[in-house]
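Number of protein chains: 2
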Amino acid sequence: MALIVQKFGGTSVGDAQRIRSVADHVATTRAAGNEVVVVVSAMGQFTDELVKLADGVSPTRTAREMDMLLTAGERISMALMSMALGAVGVESASFTGSQAGIITDTRHTRAKILEMRPDRIREALDDGLVPVVAGFQGVSTERDITTLGRGGSDVTAVALAAALKADVCEIYTDVAGVFSADPHVVPRARRLEKVSFDEMMEISATGGRVLMLRSVEFARRHHVPIHVRSSFTWKPGTWIVEEDPTMEEAIVSAITDDTSEAKITVAGVPDRPGVAAALFRELADAGINVDMIVQNTSAHAVTDISFTVAKTDLDAAMAACRRVQKSIGAETVSSDDNIGRVTIVGGGMKSSPGVTALMFETLSLHGINIEMISTSSIRLSCVIRADRVAEAVRHLHSAFGLDAE
Amino acid sequence: MALIVQKFGGTSVGDAQRIRSVADHVATTRAAGNEVVVVVSAMGQFTDELVKLADGVSPTRTAREMDMLLTAGERISMALMSMALGAVGVESASFTGSQAGIITDTRHTRAKILEMRPDRIREALDDGLVPVVAGFQGVSTERDITTLGRGGSDVTAVALAAALKADVCEIYTDVAGVFSADPHVVPRARRLEKVSFDEMMEISATGGRVLMLRSVEFARRHHVPIHVRSSFTWKPGTWIVEEDPTMEEAIVSAITDDTSEAKITVAGVPDRPGVAAALFRELADAGINVDMIVQNTSAHAVTDISFTVAKTDLDAAMAACRRVQKSIGAETVSSDDNIGRVTIVGGGMKSSPGVTALMFETLSLHGINIEMISTSSIRLSCVIRADRVAEAVRHLHSAFGLDAE
Numbered sequence: 001m002a003l004i005v006q007k008f009g010g011t012s013v014g015d016a017q018r019i020r021s022v023a024d025h026v027a028t029t030r031a032a033g034n035e036v037v038v039v040v041s042a043m044g045q046f047t048d049e050l051v052k053l054a055d056g057v058s059p060t061r062t063a064r065e066m067d068m069l070l071t072a073g074e075r076i077s078m079a080l081m082s083m084a085l086g087a088v089g090v091e092s093a094s095f096t097g098s099q100a101g102i103i104t105d106t107r108h109t110r111a112k113i114l115e116m117r118p119d120r121i122r123e124a125l126d127d128g129l130v131p132v133v134a135g136f137q138g139v140s141t142e143r144d145i146t147t148l149g150r151g152g153s154d155v156t157a158v159a160l161a162a163a164l165k166a167d168v169c170e171i172y173t174d175v176a177g178v179f180s181a182d183p184h185v186v187p188r189a190r191r192l193e194k195v196s197f198d199e200m201m202e203i204s205a206t207g208g209r210v211l212m213l214r215s216v217e218f219a220r221r222h223h224v225p226i227h228v229r230s231s232f233t234w235k236p237g238t239w240i241v242e243e244d245p246t247m248e249e250a251i252v253s254a255i256t257d258d259t260s261e262a263k264i265t266v267a268g269v270p271d272r273p274g275v276a277a278a279l280f281r282e283l284a285d286a287g288i289n290v291d292m293i294v295q296n297t298s299a300h301a302v303t304d305i306s307f308t309v310a311k312t313d314l315d316a317a318m319a320a321c322r323r324v325q326k327s328i329g330a331e332t333v334s335s336d337d338n339i340g341r342v343t344i345v346g347g348g349m350k351s352s353p354g355v356t357a358l359m360f361e362t363l364s365l366h367g368i369n370i371e372m373i374s375t376s377s378i379r380l381s382c383v384i385r386a387d388r389v390a391e392a393v394r395h396l397h398s399a400f401g402l403d404a405e
Numbered sequence: 001m002a003l004i005v006q007k008f009g010g011t012s013v014g015d016a017q018r019i020r021s022v023a024d025h026v027a028t029t030r031a032a033g034n035e036v037v038v039v040v041s042a043m044g045q046f047t048d049e050l051v052k053l054a055d056g057v058s059p060t061r062t063a064r065e066m067d068m069l070l071t072a073g074e075r076i077s078m079a080l081m082s083m084a085l086g087a088v089g090v091e092s093a094s095f096t097g098s099q100a101g102i103i104t105d106t107r108h109t110r111a112k113i114l115e116m117r118p119d120r121i122r123e124a125l126d127d128g129l130v131p132v133v134a135g136f137q138g139v140s141t142e143r144d145i146t147t148l149g150r151g152g153s154d155v156t157a158v159a160l161a162a163a164l165k166a167d168v169c170e171i172y173t174d175v176a177g178v179f180s181a182d183p184h185v186v187p188r189a190r191r192l193e194k195v196s197f198d199e200m201m202e203i204s205a206t207g208g209r210v211l212m213l214r215s216v217e218f219a220r221r222h223h224v225p226i227h228v229r230s231s232f233t234w235k236p237g238t239w240i241v242e243e244d245p246t247m248e249e250a251i252v253s254a255i256t257d258d259t260s261e262a263k264i265t266v267a268g269v270p271d272r273p274g275v276a277a278a279l280f281r282e283l284a285d286a287g288i289n290v291d292m293i294v295q296n297t298s299a300h301a302v303t304d305i306s307f308t309v310a311k312t313d314l315d316a317a318m319a320a321c322r323r324v325q326k327s328i329g330a331e332t333v334s335s336d337d338n339i340g341r342v343t344i345v346g347g348g349m350k351s352s353p354g355v356t357a358l359m360f361e362t363l364s365l366h367g368i369n370i371e372m373i374s375t376s377s378i379r380l381s382c383v384i385r386a387d388r389v390a391e392a393v394r395h396l397h398s399a400f401g402l403d404a405e
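Protein sequence lines, in the order shown, are assigned to chains A and B. Heads up, the final residue of the first sequence is numbered 405 in the numbering used here, and it's a clean run with no missing numbers. Heads up, the final residue of the second sequence is numbered 405 in the numbering used here, and it's a clean run with no missing numbers.
By construction, these hints were calculated from the structure, which means they are not laboratory data. Keep in mind that this is a model prediction, so the values were computed, not measured. Some hints could be false.
Unchecked claim - Footprint (simulated), chain A over chain B, 3 or more residues, beta carbon under 8 Å:
| # | stretch |
| --- | --- |
| 1 | 44–57 |
| 2 | 68–80 |
| 3 | 266–273 |
| 4 | 365–371 |
Stated by the list, open to error - Across the chosen pairs, the derived CB separations fall in these ranges:
| # | chain 1 | residue 1 | chain 2 | residue 2 | range |
| --- | --- | --- | --- | --- | --- |
| 5 | A | 277 | B | 127 | 37 to 43 Å |
| 6 | B | 122 | A | 209 | 34 to 40 Å |
| 7 | A | 391 | B | 127 | 33 to 39 Å |
| 8 | A | 366 | B | 48 | 47 to 53 Å |
| 9 | A | 1 | B | 327 | 28 to 34 Å |
| 10 | A | 322 | B | 48 | 40 to 46 Å |
| 11 | B | 126 | A | 3 | 57 to 63 Å |
| 12 | A | 91 | B | 119 | 31 to 37 Å |
| 13 | A | 1 | B | 281 | 46 to 52 Å |
| 14 | A | 234 | B | 327 | 41 to 47 Å |
| 15 | A | 110 | B | 119 | 46 to 52 Å |
| 16 | A | 193 | B | 126 | 34 to 40 Å |
| 17 | B | 119 | A | 209 | 56 to 62 Å |
| 18 | A | 375 | B | 17 | 55 to 61 Å |
Each residue gets a CB set at the ideal place from its N, CA and C atoms; glycine is no exception.
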């Protein structure tokens, strides 16, 4: 008998018919002899409707009240889900994040889980029930209701699976799994049957839209196997698991793309210790996440520092740069939001030196200029013009032999 | 400086515009130097929409999940209310029933408050905040979310006012206060400026629709003055207060009507001890609330017992009567759902013997037959044909001098 955490996103519980369909699937999983814990998001567009109501009431509001408001969404879907389970003969009970023992820090709208105390979930399982848990929410050490930020319901599911030592955390969504590239960009993209945690980390970090980076990180740290799959076809999807040393890995598993970032260049900076530190400290204090960083050293003891930030942070990042421009002795600060990034990810890249060359050759062959490069042992990212990203992904997908037959 | 609990019902928080209007009023109350605790119901028809969703998901459901679902309604309105207060410069924080320390028994959908521990509400007040509390909900001794049943938000407000030793509990609604009769029935009905707890108990018990009996009972037991008033005009409404022994009371304050009940007659019962007990024990065990009871004793050692029950309980009550018919030796059991009740209520009735006579004369003058009578020291109710109720109320309203000029 396996213990399975099944998480259903907004589209999977979008209306009464879909909720009943999910309940049937949970009943089937139970009938096969498994214990099941269900985690649900708010229904479809309900969260957007609540935000619209809040807009109508007040132009500004505290994060605490925003969390109080939005957590109503999962409360509704979890109660409905429990009722739907009852209708197909599965005994269940719903639990808020607080009741499920999800203890977070006090940062409203983007809280981090500090501790899991799922005693009531364990009791419910021991009583033969299917616990239905509200995703996305917790209770802070100050006893206030918090939300976990974007992708928070996945984090709830993975954290529960870890705390309960579940055999697998199934993430149900409206796509069939993780693909070798975005199927909207590459029609011949293939569903991956299995990827390693390390690969999935890179895929999520570089533009893969199926799972947020933080839930993959959490799963890797706690050794929770994830199975990403469709709640519309119920077919097997993609397993995200520990790297298996006995198997030979694909050299390149997936091509990802991301056009959500902009590039900032701080040029003509003296090449001495402390300069980069001063710049990135100022950015960090402004709450800005910096992604790729490239520094070119010239012969003249000055250097250019380029980095990428989310487009939504661009104005704040430029302001931060201008605040330190004088003190670090930079000549110019400039930005460019017409960039995009294309990335190849593969666990087998470590031992395959020809991969970098093939990527550069492929882009060069099609006249695509590379503006920044960054690498890890299993990833290679190139910043190029934004309007060339889609064709770059398609060419790389073919060049690395990923196209479906 | 007074401490005021202000409770706003569903129509008072029905949309964004109304929520902002309430926030303005709370700000005004604060600006006048008062401490304020706000209690809110779910927005307008939102609860009905949730019930409709539940109907679409499952024909049956547990009461626990129904409570979990419905409490999302107040969660939404309290967060929106707190945001609206922020927009007008009033610092506030919202609290669920559980966070507000409303501890109930475990009877889902109709829980009773066992204990109030409003520590967080007191702390919020001490911090200069306006606490916004979800009405209608609490947390059970088993740590599950419960709801307080019909009129539950009023109970929340009164219980909080009692626990916090508030100076007044203001109940805002869509009518101007408590009237001398239902203005839909009697166009010349007047708003009452002040009624005693005892009078209000009788008004609520016999058809007054402004306040549920249980919140009036609670307020009387805990000596919490209530002020029922309009959130549309913001004008003073009706005060419900301790009887003031120094003032002369109105002989009759209000005429109420109720056509929601049916009459059952158990006829030809032996007039001996234990018969009524057996009958009403059977009804009580079936969970049926019996209202008026009249027993006529005849010369032949047999008696007829008539009583009224809610029409919704009529079938169950008839079944209960038939179960004991043989054992108590009753000749017939019959029912009549075309009855109505008209009631006069007044604290001064105690000392005014002519009141009963005037009521009977007035009904008789207009050819209205009285089928059952029941009295308390400050109330007199007559059961008559349902289709004569409206005119009976109007005639009595005039006869007792209640018509507005």
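Hints, one by one, checked against the model:
Note: the stretch 44–57 of chain B has 5 residues with beta-carbon separation from chain A under 8 Å; the three-residue rule is met and the coverage holds. Given as covered by chain A, the stretch 68–80 of chain B passes the check, having 10 residues with a CB less than 8 Å from a CB of that chain where 3 are the minimum. Counting residues of the stretch 266–273 of chain B whose CB falls under 8 Å from any CB of chain A gives 0; the rule of at least 3 is not met. Three residues within the 8 Å Cβ limit are the bar, and the stretch 365–371 of chain B against chain A gives 0, so the coverage statement is violated.
As the Cβ distance of residue 277 of chain A to residue 127 of chain B is approximately 40 Å, the hint placing it in 37 to 43 Å holds. Distance hint for residue 122 of chain B and residue 209 of chain A: a CB-CB separation of about 47 Å, inconsistent with the stated range 34 to 40 Å. Between residue 391 of chain A and residue 127 of chain B the CB atoms are about 59 Å apart, so this pair departs from the stated range of 33 to 39 Å. Between residue 366 of chain A and residue 48 of chain B the C-beta distance comes to about 59 Å, which lies outside the given range of 47 to 53 Å.
As the Cβ distance of residue 1 of chain A to residue 327 of chain B is approximately 53 Å, the hint placing it in 28 to 34 Å is violated. Between residue 322 of chain A and residue 48 of chain B, the C-beta spacing of about 55 Å breaks the proposed range 40 to 46 Å. Taking the beta carbon of each, residue 126 of chain B and residue 3 of chain A are about 46 Å apart, not inside 57 to 63 Å as hinted. One distance hint, 31 to 37 Å for the beta-carbon pair residue 91 of chain A and residue 119 of chain B, holds here, with the actual separation near 35 Å.
Remark: the range hint 46 to 52 Å for residue 1 of chain A to residue 281 of chain B is upheld by a beta-carbon distance near 49 Å. At about 58 Å, the CB distance of residue 234 of chain A to residue 327 of chain B disagrees with the hint of 41 to 47 Å. Between residue 110 of chain A and residue 119 of chain B, the C-beta spacing of about 28 Å breaks the proposed range 46 to 52 Å. For the pair residue 193 of chain A and residue 126 of chain B, the supplied restraint of 34 to 40 Å is violated, since their beta-carbon distance comes to about 59 Å.
For the pair residue 119 of chain B and residue 209 of chain A, the beta carbons lie near 45 Å from each other, so the given range of 56 to 62 Å is not met. Between residue 375 of chain A and residue 17 of chain B the CB atoms are about 56 Å apart, so this pair conforms to the stated range of 55 to 61 Å.
In this structure, the hints that do not hold are numbers 3, 4, 6, 7, 8, 9, 10, 11, 14, 15, 16, 17, in rising order.
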